[in-house]
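With the hints as extra help, turn the sequences into a complete structure.
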Amino acid sequence: MTSPRFPEGALIGVLTTQPLDRVLDYRAPPGGCAAGDHVEVPFGPRKVTGVVWGAGAGDYDPAKVKSAIRVLDIPAMRAPMREFLGRVADYTLTPMPAMLRLATRAPGLTDPPGMRKIFRRGHGQPGRMTPARARVLDLLEEHDGMGFMLGELADLAGVGSSVVKGLVASGAVAEEEAPRDVPYPSLDPEMPGKALTGDQAMAAARLREGIKAGRYGTTLLKGVTGSGKTEVYLEAVAACLAAGRQALVLLPEIALTAEFLTRVEARFGAKPAEWHSGVTTTERRRCWKMVAESGAQLVVGARSALFLPFADLGLIVVDEEHDTSYKQEDGVLYNARDMAVLRASLEKAQVVLASATPSLESWVNVQAGKYARVDLESRFGPAVMPEMRAIDMRGEEVPSGSWISPSLKGAVRERLERGEQSLLFLNRRGYAPLTLCRACGHQIGCKHCDARMVEHRFLKRLMCHQCGETAPMPETCPNCEVTGKLAAVGPGVERITEEAQALFPDARVTVLSSDLFGSARALKARILEIAEGAADIVVGTQLVAKGHNFPKLTLVGVIDSDLGLQGSDLRAAERTFQLMRQVAGRAGRAEARGTALLQSFQPEHPVIRAILSGDEEGFWAAEAAARRAAGVPPYGRMAGIVISSPDMQAAFDLGNRLARLDAPLRRIGAQLFGPAPAPIARVRGRHRVRLLVKAEKTAPLQAALAEWAAQLRLPANLRLAIDIDPQSFL
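For the sequence shown, full-length UniProt numbering assigns the number 730 to the last residue and increments by one with no breaks.
These are computed hints drawn from the structure, not numbers from a lab.
Note that the structure is a prediction, hence the values are computed from the model and not measured.
Beta carbons are placed, not taken as given, at the ideal position from N, Cα and C, and that holds for glycine.
Check the hints yourself; a few may be wrong.
[Said to hold, decoys possible] Have a look at the derived ranges for each label pair, beta carbon to beta carbon:
| no. | residue 1 | residue 2 | range |
| --- | --- | --- | --- |
| 1 | H448 | D506 | 51 to 59 Å |
| 2 | L661 | K370 | 34 to 42 Å |
| 3 | S186 | R135 | 55 to 63 Å |
| 4 | A205 | R5 | 39 to 47 Å |
| 5 | D188 | D312 | 17 to 25 Å |
| 6 | G618 | R215 | 19 to 27 Å |
| 7 | S186 | T281 | 23 to 31 Å |
| 8 | R5 | D615 | 56 to 64 Å |
| 9 | D188 | A624 | 41 to 49 Å |
| 10 | D188 | E377 | 27 to 35 Å |
| 11 | R508 | H448 | 34 to 42 Å |
| 12 | A703 | T281 | 34 to 42 Å |
[Unchecked claim] Mimicking EDC-like on lysine to aspartate or glutamate, the simulated pairs with C-alpha atoms at most 20 Å apart in a straight line are:
| no. | residue 1 | residue 2 |
| --- | --- | --- |
| 13 | K348 | D312 |
| 14 | K66 | E8 |
| 15 | K409 | E396 |
| 16 | K194 | E377 |
| 17 | K165 | E176 |
| 18 | K165 | E152 |
| 19 | K348 | E293 |
| 20 | K552 | E387 |
| 21 | K327 | D90 |
| 22 | K66 | E40 |
| 23 | K370 | E617 |
| 24 | K271 | E259 |
| 25 | K117 | D155 |
| 26 | K117 | E175 |
This is the structure we're talking about:
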């Protein structure tokens with residue numbers, strides 16, 4: 001579809017990233033412009049960039065309308081992309097300038113094309129190694145051959161540019177002239193993939209049919225852990241590339257990218273484009289431009305890759321679609337899984353939602369006929385699903401200060417004798433979740449949040465998991481100033497590691513937790529070493545549940561299976577079920593059958609019973625019935641409202657005023673709960689008050705919320721955030 005063209009001097013509407021919730025009128029620049037063009041416009045004394053959104057509104061004095069300065073040498077924003085941003089803005093109640101910032105978040109987009117000097121790892125070694133030089137070389141090796149500009153490399157390594165230039169002189173760093181942005185190497189969809197089993201081949205054929213149809217469709221690819229879902233959806237990627245269209249694969253965890261990129265390279269002969277926080281600013285700019293110019297066939301990225309300006313998007317894969325990391329919790333509050341479906345519908349593309357434990361929302365959409373479903377029932381090759389059993393902790397004699405039961409200890413010892421690996425899983429980072437003074441009862445909390453500081457003994461620090469504040473571990477109680485009475489209460493993975501080292505002194509024990517690795521590269525390297533057998537016992541958080549393959553791992557021991565069942569989160573049962581099934585799936589992925597042992601004080605709990613029985617369909621049906629009876633998602637609508645202020649009373653006053661002005665909500669039959677202090681009532685020095693809105697599935701919730709919030713003008717120091725379909729209630 002051709003975008004409308006505006007001759008020079010015509011009235012155009014330009015959306016900028018400036019914090020004004022409206023499109024601004026300008027005159028078309030010399031040479032004219034078209035809808036979707038990126039333009040430079042005057043904005044007060046400054047020049048800013050924007051996108052031509054269409055014809056001007058004409059509601060401003062024509063004599064005062066300024067002319068746009070020029071059309072930028074950037075591929076125009078296509079009509080489906082503009083519609084996508086508008087639809088996401090309407091759904092999430094986000095101002096359009098914020099949406100445009102999300103869609104143009106790449107550095108240097110307005111820079112003119114040309115050559116640049118980039119720096120890569122050379123073949124030589126410096127005559128004298130210094131800490132500064134080592135940081136530069138480590139950074140270059142970490143990014144595996146990527147090129148950096150001089151200032152970028154110096155800033156990232158924390159050194160002066162002279163350090164880099166000195167390494168160039170020694171040959172340890174190579175200086176090259178390169179075009180600013182070049183297309184990515186071509187991927188060959190005709191290269192043969194791995195031989196597929198019968199059900200894999202049938203699943204791949206179903207996905208290829210959807211691609212060939214050239215229309216929108218969403219398929220839930222459900223397969224048990226280790227069933228080869230990745231190989232199946234890579235066949236869909238191959239079909240998409242063969243059709244001359246672009247593909248996007250979303251991953252929930254940056255640590256998964258290295259292994260996945262290797263598999264893509266083996267399948268298609270070259271690495272794809274990457275888009276996530278670990279990519280350099282230079283590569284982000286290149287990726288953004290090449291995606292828009294069809295110079296990138298496949299992008300592998302985090303949730304924000306969904307907002308890249310694809311020229312012809314034919315397939316979106318959302319791997320581990322149930323993962324909560326797909327929900328953006330600050331800025332633009334969106335769920336990438338749901339927005340992927342929206343974008344695909346506008347692009348006439350296919351969506352593959354892949355998971356061993358799908359979200360209830362996806363399961364319900366399959367039941368309603370909105371999504372297709374393809375199942376992989378068995379593991380690839382000789383591997384079979386692990387045996388799952390509960391350890392009833394009420395019958396175990398566990399010494400005070402210990403958490404590994406005698407039964408689990410015996411199972412680990414058996415694996416050690418057989419030369420196999422064991423995983424001890426606890427979804428709690430750090431050494432202990434609480435530090436208590438045994439003299440006065442004081443619990444050490446964060447100065448900026450209503451949250452307890454978590455001891456990270458391996459780092460010798462206390463850390464707030466809400467705001468990231470850290471502090472040295474004190475010797476004396478900050479409240480009563482008594483020395484030697486501070487005690488760690490409860491276990492984290494570091495404490496379980498310490499216990500495992502004491503129980504099995506001859507075993508190689510390692511811990512996998514994101515906070516213990518200085519870089520994504522270091523984490524990826526350690527995961528690879530573990531997969532190759534460099535550890536006997538792995539202690540890990542939920543990081544280990546996300547798609548990693550440890551062939552020698554045959555035992556998973558869950559330290560506290562009841563942990564996720566506490567609290568009032570409506571998704572607690574679903575998340576516990578998913579996490580336990582996912583982490584259990586790490587066991588027995590090769591020839592030897594695995595075992596998963598779940599330590600529980602309530603093994604008769606319906607969720608624990610469902611996990612052990614493996615009756616997934618029964619669990620989803622029961623969970624769906626409970627949600628339907630309660631009228632909560634996915635059978636109802638919810639919105640979370642968070643008011644924050646440095647002044648607690650001001651936040652409550654605003655919440656109470658909103659509660660009194662609830663007529664727009666009552667008109668659509670919605671219920672309003674609150675205001676009440678948020679469970680974590682202070683974060684980064686700001687007091688937080690929550691309200692919750694619940695409505696029928698068909699209620700026009702966004703329109704009512706917009707009318708409701710517009711009744712008040714917020715003071716400068718108050719913030720109000722509306723979260724449609726909240727995933728967190730903290």
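Here is what the structure says about each hint:
Here the CB-CB span from H448 to D506 is close to 44 Å, at odds with the stated 51 to 59 Å. The hint said 34 to 42 Å for the Cβ distance between L661 and K370, and at roughly 36 Å that hint holds. In this structure the hint that S186 and R135 lie 55 to 63 Å apart at CB is violated, the actual value being about 35 Å. A C-beta distance of roughly 44 Å is found between A205 and R5, which places it inside the suggested range of 39 to 47 Å.
Take D188 and D312: their Cβ atoms lie about 18 Å apart, and the range 17 to 25 Å holds. Between G618 and R215 the C-beta distance comes to about 34 Å, which lies outside the given range of 19 to 27 Å. Between S186 and T281 the CB atoms are about 25 Å apart, so this pair conforms to the stated range of 23 to 31 Å. Taking the beta carbon of each, R5 and D615 are about 60 Å apart, inside 56 to 64 Å as hinted.
The beta-carbon spacing between D188 and A624, approximately 43 Å, falls within the hinted interval of 41 to 49 Å. A hinted range of 27 to 35 Å holds for the C-beta pair D188 and E377, which are about 31 Å apart. Our hint of 34 to 42 Å for R508 and H448 holds, since their Cβ atoms are close to 39 Å apart. A hinted range of 34 to 42 Å for the beta carbons of A703 and T281 is consistent with their spacing of about 39 Å.
Proximity of K348 to D312 is assessed by CA-CA distance (about 9 Å); at most 20 Å being required, the pair is judged to hold. The hinted pair formed by K66 and E8 meets the criterion: a straight-line CA distance of about 12 Å does not exceed 20 Å. Distance hint between K409 and E396 is fulfilled; the C-alpha atoms sit about 11 Å from each other, no more than 20 Å. Of the pairs offered as hints, the one joining K194 and E377 holds, with about 18 Å between alpha carbons and a cut-off of 20 Å not exceeded.
Restraint check for K165 and E176: the C-alpha separation of about 12 Å stays at or below 20 Å, so the hint holds. With a CA separation close to 13 Å, the supplied pair K165 and E152 stays within the 20 Å bound. For the given pair, K348 sits about 19 Å from E293 by alpha-carbon distance, which is consistent with the 20 Å threshold. Between K552 and E387 the CA atoms are separated by roughly 16 Å; this keeps the pair inside 20 Å, and the hint holds.
With a C-alpha separation of about 17 Å, the suggested pairing of K327 with D90 holds against the 20 Å cut-off. Annotation: proposed proximity of K66 to E40 holds, straight-line Cα distance about 12 Å (limit 20 Å). Between K370 and E617 the CA atoms are separated by roughly 18 Å; this keeps the pair inside 20 Å, and the hint holds. Pair hint K271 plus E259 holds up; C-alpha atoms about 11 Å apart against a cutoff of 20 Å.
For the hint linking K117 to D155, the alpha-carbon distance of about 16 Å falls within 20 Å, and the restraint holds. Distance restraint check for K117 and E175: the Cα-Cα separation of roughly 7 Å lies within the 20 Å cut-off, and the hinted pair is therefore satisfied.
Violation of the numbered hints given earlier is confined to hints 1, 3, 6; the remaining hints are satisfied by the structure.
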